[in-house]
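Q: As a plain string of letters, each chain reads:
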Amino acid sequence: MSATEHASAPVVPLWQPAQVPSPTPSKIDPPEGEDLITVNFGPNHPSTHGVLRLIVTLDGEVVVGLDADIGYVHTGFEKNFEQKTYWKGIPYAPRMDYLAFFANELAYVGAVERLIEIEVPERAQWIRTLFAELNRIHSHLIFLGTSGVELGAISLFFYCLRERDRVLDLFEMVTGVRMHDRYPQFGGVAEDLPRGFYAEAKRFCHDVPLRIDEYLDLVAGNSVWRDRYRGIGTIDAATAIAMGLSGPNLRASGVPFDLRRAEPYLAYDKMDFDIVTGERGDAFDRLMCRTKEMYESVKIIDQCLEGMPSGPVMADDRKHVLPPRHELQTSMESLIHHFKLVTEGFRVKANQIYYTVESPRGEFGCFLVSDGGPKPWRIHFRAPSFVSLQSTAMMAVNRYIADLIVVVGSLDGVMGEADR
Amino acid sequence: MSPVTDNLKGFSVTFRHLFRKPVTQQFPEYKRPVYPRFRGRHRLHRHENGLEKCVGCSLCAAACPADCIRVVAAENTPEERYSPGERYARIYEINMSRCIFCGYCELACPFDAITLGHDYELAEMSRDALVYTKQMLLEPGPEARRTPVAPVDPYDIPAQEDGPA
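Just so you know, the protein sequences line up as chains A and B, in that order. The opening residue of the first sequence carries number 1 in the numbering used here; numbering runs sequentially from there. The opening residue of the second sequence carries number 1001 in the numbering used here; numbering runs sequentially from there.
You may find that some hints are simply not true.
[Unchecked claim] Simulated crosslink set (DSSO-like; lysine-lysine; CA at most 30 Å straight-line):
{"hint": "1", "chain 1": "B", "residue 1": "Lys1053", "chain 2": "A", "residue 2": "Lys319"}
{"hint": "2", "chain 1": "A", "residue 1": "Lys299", "chain 2": "A", "residue 2": "Lys202"}
{"hint": "3", "chain 1": "A", "residue 1": "Lys319", "chain 2": "A", "residue 2": "Lys84"}
{"hint": "4", "chain 1": "B", "residue 1": "Lys1053", "chain 2": "A", "residue 2": "Lys84"}
{"hint": "5", "chain 1": "A", "residue 1": "Lys299", "chain 2": "B", "residue 2": "Lys1009"}
{"hint": "6", "chain 1": "A", "residue 1": "Lys84", "chain 2": "B", "residue 2": "Lys1134"}
{"hint": "7", "chain 1": "A", "residue 1": "Lys292", "chain 2": "B", "residue 2": "Lys1009"}
{"hint": "8", "chain 1": "B", "residue 1": "Lys1021", "chain 2": "A", "residue 2": "Lys292"}
{"hint": "9", "chain 1": "A", "residue 1": "Lys349", "chain 2": "A", "residue 2": "Lys79"}
{"hint": "10", "chain 1": "B", "residue 1": "Lys1031", "chain 2": "B", "residue 2": "Lys1134"}
{"hint": "11", "chain 1": "A", "residue 1": "Lys202", "chain 2": "B", "residue 2": "Lys1021"}
{"hint": "12", "chain 1": "A", "residue 1": "Lys299", "chain 2": "B", "residue 2": "Lys1021"}
{"hint": "13", "chain 1": "A", "residue 1": "Lys202", "chain 2": "B", "residue 2": "Lys1009"}
{"hint": "14", "chain 1": "A", "residue 1": "Lys79", "chain 2": "A", "residue 2": "Lys27"}
{"hint": "15", "chain 1": "A", "residue 1": "Lys340", "chain 2": "A", "residue 2": "Lys375"}
{"hint": "16", "chain 1": "A", "residue 1": "Lys340", "chain 2": "B", "residue 2": "Lys1053"}
{"hint": "17", "chain 1": "A", "residue 1": "Lys340", "chain 2": "B", "residue 2": "Lys1134"}
{"hint": "18", "chain 1": "A", "residue 1": "Lys202", "chain 2": "A", "residue 2": "Lys292"}
{"hint": "19", "chain 1": "A", "residue 1": "Lys202", "chain 2": "B", "residue 2": "Lys1031"}
{"hint": "20", "chain 1": "A", "residue 1": "Lys319", "chain 2": "A", "residue 2": "Lys340"}
Keep in mind that the hints were calculated from the coordinates and are not lab data.
Start from the sequences and build out the full structure, keeping to the hints where you can.
A: Now the structure itself:
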């Protein structure tokens, strides 16, 4: 089969609906042939978004077999959680998916909060919603920028990272660090919003839609870009559901499934926003889905800023929440609670829970089993990158190797999260 | 629209950026002011009379998720008094190569003895140099206040010539 035959091949779904190559969909064996060569694409390739290793069998320039190999940044996060008390696990959570750090924290904190049945104040919910959306913009900007770099378009990368820095400035202003913030704590958020945040965030909300317009001018109309992205890695709705895709990857195939709408958590049921969907489910739709989602995120941030209720940001629960600082000097009881919570942590009655949030990459879930002790007995995270990467093979096979880069990029996998 | 106008629209974006002020900050010469809540290098504080606030209770070490703090306490004597309480931290070490700057030590400390300061230039040529001892952490430290901090009031970073817009 020569390469020229593929160039004029029509855009068709590679698999019949809901027919998933079983049992390992991430691996497609190459056919028998003499002229095939096997190439290691990664793990240290700049366009694999981290350390994804793809063992590619090539017939000329065409990918005929593919084996996606992961595990290069497996750091044992889940086991680490079992060694820490619940409170000390919070700073660990954001380090899995380093681009969607806030969503990871939310999943972990939300799961524990449901186990200990703690009531989160209204204002804390809204602050969390605000930062979850800021985080979504952050993640999507990195996705958009790096997909530009993969095609050799470096300006977009600079423009995107310029705006990303403003998101991080807002994070630094409120949480104290630019990433990995441990801002959501059990029962609320660590601190209230500082003065000046409103003005700064308002300026951000005003500027960012204008910038996204510019990105769309650069990307959506660009004929080179469209040719590289249109019809690549097509997946129809039924197959996407069968492969377990979630988030923008699923919505690009036309399935309007969004956990923010399907199972509203935080303050999302009070927000007015649209769910962006695509039609064809190709790489271009996935890209546009994420880019247009940023408009919706800005809308949500704006509503959060305008409708932010007043009140406490931390629940009044002395058995699970650190007492306020001023009480440490005056109340012996508070001091005892403080020492107990820091050294031993609180005990969680034996139970289990699965709690999900809509991370920028899709359904990020935290499954937590407690045996009644101060540490999680078992914790498992449902990583959307891990699930979406298994459809790499079926999307990339029988295409040019250059399209493989587009496929991997458009799935927006973060290897830190896939490997954990 | 035709591909030609679509492509021209893209070019016009890059062309317009020629006339925008760059956001680049010349880092070692220009140090970006950090926000007051920024969590950087730790500091150990003293009371006004010069005694150390730390009483060596090791609660920071217990709270640290990265296990990077080592405290060895000793008894104060009337001749050698370091802290107002019975005990003081004879050894106080923070391994900066392990620290994740979560600020849990600051939250845990019941005496406000340790806080996270604003210094962020912590690179060293050897790993041993990253184990900060009590002498390096105690205020006033040898290289205190290397990093400019944005004014607390009005708290926004003022619009600067070369800063972030």
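Q: Confirm or reject each hint.
A: Each hint tested on the structure:
1. Note on Lys1053/B and Lys319/A: the hinted pairing holds, with a Cα-Cα distance of about 27 Å set against a maximum of 30 Å.
2. For the hint pairing Lys299/A with Lys202/A, the CA-to-CA distance comes to about 11 Å; that is within 30 Å, so the pair holds.
3. Distance hint between Lys319/A and Lys84/A is fulfilled; the C-alpha atoms sit about 18 Å from each other, no more than 30 Å.
4. For the proposed pair Lys1053/B and Lys84/A, the alpha carbon gap of about 28 Å is at most 30 Å, so the pair holds.
5. Among the hinted pairs, Lys299/A with Lys1009/B is consistent with the structure: their alpha-carbon atoms are about 26 Å apart, no more than 30 Å.
6. For the hint linking Lys84/A to Lys1134/B, the alpha-carbon distance of about 27 Å falls within 30 Å, and the restraint holds.
7. In summary, the hint linking Lys292/A to Lys1009/B is supported, as the alpha carbons are separated by about 18 Å, within the 30 Å threshold.
8. For the suggested pair Lys1021/B and Lys292/A, the alpha carbons sit about 27 Å apart, so the restraint of at most 30 Å is met.
9. Distance check on the hinted pair: Lys349/A and Lys79/A sit about 20 Å apart at the alpha-carbon level, within 30 Å; holds.
10. At roughly 27 Å between alpha-carbon atoms, Lys1031/B and Lys1134/B fall within 30 Å of each other, so this suggested pair holds.
11. Taking the CA atoms of Lys202/A and Lys1021/B, the gap is near 21 Å; set against the 30 Å cutoff, the hint holds.
12. Pair hint Lys299/A plus Lys1021/B holds up; C-alpha atoms about 27 Å apart against a cutoff of 30 Å.
13. Restraint check for Lys202/A and Lys1009/B: satisfied, since their Cα atoms lie roughly 28 Å apart, inside the 30 Å limit.
14. Proposed proximity of Lys79/A and Lys27/A is supported: the alpha carbons are some 28 Å apart, at most 30 Å.
15. Taken as a hint, the Lys340/A and Lys375/A pair is honoured in the structure, with Cα atoms around 14 Å apart against an allowance of 30 Å.
16. The suggested pairing of Lys340/A with Lys1053/B holds, with an alpha-carbon distance near 21 Å, which does not exceed 30 Å.
17. For the hint pairing Lys340/A with Lys1134/B, the CA-to-CA distance comes to about 26 Å; that is within 30 Å, so the pair holds.
18. Taking the CA atoms of Lys202/A and Lys292/A, the gap is about 19 Å. The hint holds against a cut of 30 Å.
19. Taken as a hint, the Lys202/A and Lys1031/B pair is honoured in the structure, with Cα atoms around 26 Å apart against an allowance of 30 Å.
20. The straight-line distance between the Cα atoms of Lys319/A and Lys340/A is roughly 9 Å, inside the 30 Å bound, and the hint therefore holds.
In the structure shown, no violation is registered for any of the earlier numbered hints.
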